[in-house]
Amino acid sequence: MARALINVPKTARRGEIVEIRAMIAHPMETGYRMGTNGASIPRDIIRRFACGYDGEEVFSAELFPAMSANPFIAFTLVATASGAITFAWTDDAGETQTVSAEMAVS
Amino acid sequence: MGDPSRSHGLSLPVRRRQVLAAGLAGLVVVSLPRSALARPSLEEAIKTFTGGAEVLDGRVRLELPPLVENGNAVGVTIAAESPMTAADHVIRIGLFNEKNPEANVVIFHLGSRSGRAKVSTRIRLATSQVVVAVAEMSDGSFWSSRASAIVTLAACIEDLS
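Residue numbers (numbering that gives the first Met the number 0), protein chains in the order written: chain A, 0 to 105; chain B, 0 to 160.
Quick caveat, the hints were computed from the structure, so don't treat them as lab data.
Among the clues, some could well be false.
[Claimed, not checked] Covered stretches of chain B (chain A as the covering partner; in silico rule of three or more C-beta atoms under 8 Å from a C-beta of chain A):
id, region
1, 91-100
2, 103-110
3, 117-123
Computed from a predicted structure; not experimentally measured.
Quick reminder that beta carbons are idealized off the backbone N, C-alpha and C, glycines included.
Pulled out of the complex, with its shape left as it was, chain A reads as follows:
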């Protein structure tokens, strides 16, 4: 679907709070803009963002058209176990893009 950029520390100590940053290339078309021919440009946005880690969903967000193009979200997680942190973005068409990153916890 689109290019996603995620920033996850490669290593962390158990119990440490790590900062996660995630961004995806997406126009986030609001549906309120007019095209050159005067017709409104249909809405096309990412509706939902979710982050899964260590067996459950640890963070999620419901997005509205007021989010900027290429939505960027930075949040924190407690490092509990080594493994994959998965990121999923779902758009208006119901398509989901998933990306994951490994973090080693010592």
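Here the structure of chain A is known, so what remains is to put chain B in place on it, guided by the hints.
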């Protein structure tokens, strides 16, 4: 044109009137500015989020640049004061605006595994306005913080009339 009523002389004026009426109705709808269509107010949007519960001031810090050059990407940081333990943590943080075409901006779902109740993102602001962040704690209380920004280049300029 197999339908005999269509070629009948009497039915023609009626159809023309109907077409005219339909056309006029269409014109009225089109000429309404988008901003005149119902948009829940800031207070209504927050009420929908809280389910009518009382919203107290404090425990939330909303960082928003006071002077925004480009309303298409405004960096915001929301931080809530919470120990973020299993017993006492932030469940949701909602961000609302006063004058965009839609009152909602984003709703974050957090939990005790977040470690810290701090989220950063980038939003759109259609004009100079107030932005409100509301945090829902695990004990069911709601806390809020508001900040206003002056926007020099607006997002979605077409909506400003």
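> Of the numbered hints stated previously, which ones are contradicted by the structure, given in increasing order?
Replying inline: Every hint satisfied by this model.
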